[in-house]
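Colleague: Sequence:
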Amino acid sequence: MQSSTSSPWIAQGPTEEGFLLLADQGKDAVRATKAPPALAVHRGQLWTVWEDDADNALYYAATTPDSHGQEFGPRLTFPLDDFLPGAASPGGAIPALANLNGVLHAVIVSAHTGAMVHYLYDADEATAWVRQEGLPADCIAGAKTRDPALVAFHNKLFLAYVDADGHLAHAVFDMHSAAWSAPSHVSPTGSAPAPAPSEEAAAAVATASHAVFQGAPALFVLNGALHLLCQSAGRDSAGDMVGFRYDYTETGWAWSPTDDVSEGKAAKGVSAASYGRSAWLGFVEHDSVFVAAHVDGAACARSNVPFVRTQYLSIAQQLALGIRFLDLRLRAHADGRLYCYHGGMPIGLPHGLSFDDVMQQVFAFIGPRKDRPATETVLVSINNDDKSQAQKDNPHVFYQAVQDAIARTPVYELGGEQRWHTAPVTARLGEVRGKAVLLRRYDGDPAVEPTERIGLDLAQWLDDNPDFTITTPTGVRVHLQDKWKYATRCELNDLVASKQDHVRKMMARAAGSERPETDDDNDNDNDDVDSDQTWFINFCSAVGDPVEHGEVAEAKWIAVGAHSDLHFFGKWVEGMNVRTRDYLRTLAGAKGKKRLGVVNLDYPELPEDSDLVARLIESNF
1 MQSSTSSPWI AQGPTEEGFL LLADQGKDAV RATKAPPALA VHRGQLWTVW EDDADNALYY
61 AATTPDSHGQ EFGPRLTFPL DDFLPGAASP GGAIPALANL NGVLHAVIVS AHTGAMVHYL
121 YDADEATAWV RQEGLPADCI AGAKTRDPAL VAFHNKLFLA YVDADGHLAH AVFDMHSAAW
181 SAPSHVSPTG SAPAPAPSEE AAAAVATASH AVFQGAPALF VLNGALHLLC QSAGRDSAGD
241 MVGFRYDYTE TGWAWSPTDD VSEGKAAKGV SAASYGRSAW LGFVEHDSVF VAAHVDGAAC
301 ARSNVPFVRT QYLSIAQQLA LGIRFLDLRL RAHADGRLYC YHGGMPIGLP HGLSFDDVMQ
361 QVFAFIGPRK DRPATETVLV SINNDDKSQA QKDNPHVFYQ AVQDAIARTP VYELGGEQRW
421 HTAPVTARLG EVRGKAVLLR RYDGDPAVEP TERIGLDLAQ WLDDNPDFTI TTPTGVRVHL
481 QDKWKYATRC ELNDLVASKQ DHVRKMMARA AGSERPETDD DNDNDNDDVD SDQTWFINFC
541 SAVGDPVEHG EVAEAKWIAV GAHSDLHFFG KWVEGMNVRT RDYLRTLAGA KGKKRLGVVN
601 LDYPELPEDS DLVARLIESN F
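Take the sequence shown: its position 612, counted from the start at 1, is 612 in the numbering used here, and no numbers get skipped.
Just so you know, the hints here were simulated from the structure itself, not pulled from any lab data.
Fair warning: this is a prediction, and the values are worked out from it, not measured in the lab.
Certain hints may be false.
[Said to hold, decoys possible] Per label pair, the in silico range of CB-to-CB distance: (1) 508 with 144: 53 to 59 Å; (2) 404 with 508: 39 to 45 Å; (3) 176 with 394: 41 to 47 Å; (4) 430 with 474: 18 to 24 Å; (5) 394 with 497: 38 to 44 Å; (6) 71 with 587: 55 to 61 Å; (7) 512 with 53: 54 to 60 Å; (8) 583 with 396: 41 to 47 Å; (9) 184 with 621: 42 to 48 Å; (10) 490 with 76: 45 to 51 Å; (11) 414 with 465: 38 to 44 Å; (12) 583 with 490: 47 to 53 Å.
[Claimed, not checked] Heads up, simulated BS3-like pairs for lysine-lysine below, C-alpha to C-alpha not over 27 Å straight-line: (13) 505 with 594; (14) 483 with 571; (15) 34 with 144; (16) 571 with 485.
Beta carbons: idealized from backbone N, C-alpha and C, even for Gly.
The whole structure should be built from the sequences, with the hints applied where relevant.
Modeller: Structural data, given as structure tokens:
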């Protein structure tokens, strides 16, 4: 969108007019498209699909990881083949995109017949679009309005469109069964309506109940609920926006009439995504004690194995999102090099992910550039993933492997500054801009004096503990919450509620509004009032123990949400990310900034409508 004095939107295209040019095109390649392009955020990249008017072909492109979302890569031809009759003729294809739990989906509608096809792009399986069978043949958009709406909600994909008779129709794709439901009309007469709409909304729905809709429907998630808006074409209500809400009732999931949440302003499809500042620490004072700022964190488990995976984003994508704390678990290989693991499983199979590769991405992001000095820093927590007795008996081996890796790190070519801060004390932000700050969770080398060992010493970390304090040999005090294992069988909602309570208590303590209970085993808890140099580290992650019951409450379900019985039916249970975001919203009205400490997240970019990272960053200002 063009920037102006009255709009905060800023044109991102490289031309003066703000047009988007892809890497393989010149200025003369700016072209028109009859249908709106489809957009979706997928694994930290912005994806778009559009039909080019010049050759009537369908193309797609994504922002490049190296540009941190600022530049698109080359356009690629979307593989429609012959699956969609009429799509190769002018104005022939209308795309819709949605990211469903790390897998990108596209529904393409023929502008000539209204027929639809379904594709998915799963980077874990193959970096290509693959056509999916099963979209019902009677999912056909009407001639007057071909535009579909597509959105992810509660582990399912929702498709809405106006059919040939003018009815508002929808179909649902279940990711676990990989099957679409038969299309059905969105009825204003649910068996158990959600909270009663206003008289105006009820009247609009009643008038439109015999299905005369026009324009493109809009599907979106707002405050944890799925909403559908469409314009009425009824004789007495033409042009009125009609709203529906998809909610859980006593008889199951159903659409119910609700107010037009756009307050009459909506006219076409709606889409939004959260995006954290890529250089937000540049707005924090130079002499601030770094731990006085709030920092977002994430684990480095971008694994292909679901039960150890805790996110989909690469290191560079996490940093661009606003993450400034990385939780790394490493193992030393026979060659002395370090590689990322999680619970004994290598990260980045089949080739693995080395510590050197991780830090190369970190330094490329936070280092100084010719056009600007360094503003960012990253806290790097390192733990030894190898819990064998041999490692416990000889901690020198792992300690030395990390020290050697840091020693091998060259200084920055620009300015000659060191890239690591390994002093075992709390630093000022100005001292560590452009540097990685080492937090050491592994045991120190017995041959080195405790006050001389590298990194902030967190080796006394208590596993699976909701509230404990470490005082380092250099006198730094660190309060931590890391209750992560739920071995007792319990309902998912109870599990998430328990974890939520631990997280909120530590946030309240960091903000200074709550003191810890007396604990005779934790002498440091009752010392002087916490200063601005006291650390608070708070983990939102958890998992159900599969060893106890032969089943897994996956980290993703706890972070993002799942159905109540864990078999993809029943009431939806919101995960930690939504609950934490909602809690932060309640704090937003309080005066002044909030100190929340380091808050570590699984799947920080999910669910797709969440602005959790942005909310956490806002607490600093």
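Colleague: All the hints need checking, so say for each whether the structure fits it.
Modeller: Here is what the structure says about each hint:
1. Judged by the Cβ atoms, the range 53 to 59 Å given for residue 508 and residue 144 holds: they are separated by roughly 55 Å.
2. In this structure the supplied range 39 to 45 Å holds for residue 404 paired with residue 508, their Cβ-Cβ distance being about 41 Å.
3. The hinted window of 41 to 47 Å between residue 176 and residue 394 holds, with their beta carbons roughly 45 Å apart.
4. Under the hint 18 to 24 Å, the C-beta atoms of residue 430 and residue 474, about 20 Å apart, fit the expected range.
5. A hinted range of 38 to 44 Å for the beta carbons of residue 394 and residue 497 is consistent with their spacing of about 42 Å.
6. Take residue 71 and residue 587: their Cβ atoms lie about 35 Å apart, and the range 55 to 61 Å is violated.
7. Look at residue 512 against residue 53: about 59 Å separates their beta carbons, and that is inside 54 to 60 Å.
8. One distance hint, 41 to 47 Å for the beta-carbon pair residue 583 and residue 396, holds here, with the actual separation near 43 Å.
9. Distance hint check: the CB atoms of residue 184 and residue 621 are about 46 Å apart, consistent with the given range 42 to 48 Å.
10. Between residue 490 and residue 76 the C-beta distance comes to about 47 Å, which sits within the given range of 45 to 51 Å.
11. At about 43 Å, the beta-carbon gap between residue 414 and residue 465 stays in the expected band of 38 to 44 Å.
12. At roughly 21 Å, the beta-carbon separation of residue 583 and residue 490 lies outside the given 47 to 53 Å, and the hint is violated.
13. Simply put, residue 505 and residue 594 have alpha-carbon atoms about 14 Å apart, close enough for the 27 Å limit, and the pair holds.
14. With a CA separation close to 25 Å, the supplied pair residue 483 and residue 571 stays within the 27 Å bound.
15. The hinted pair formed by residue 34 and residue 144 meets the criterion: a straight-line CA distance of about 15 Å does not exceed 27 Å.
16. Annotation: proposed proximity of residue 571 to residue 485 holds, straight-line Cα distance about 24 Å (limit 27 Å).
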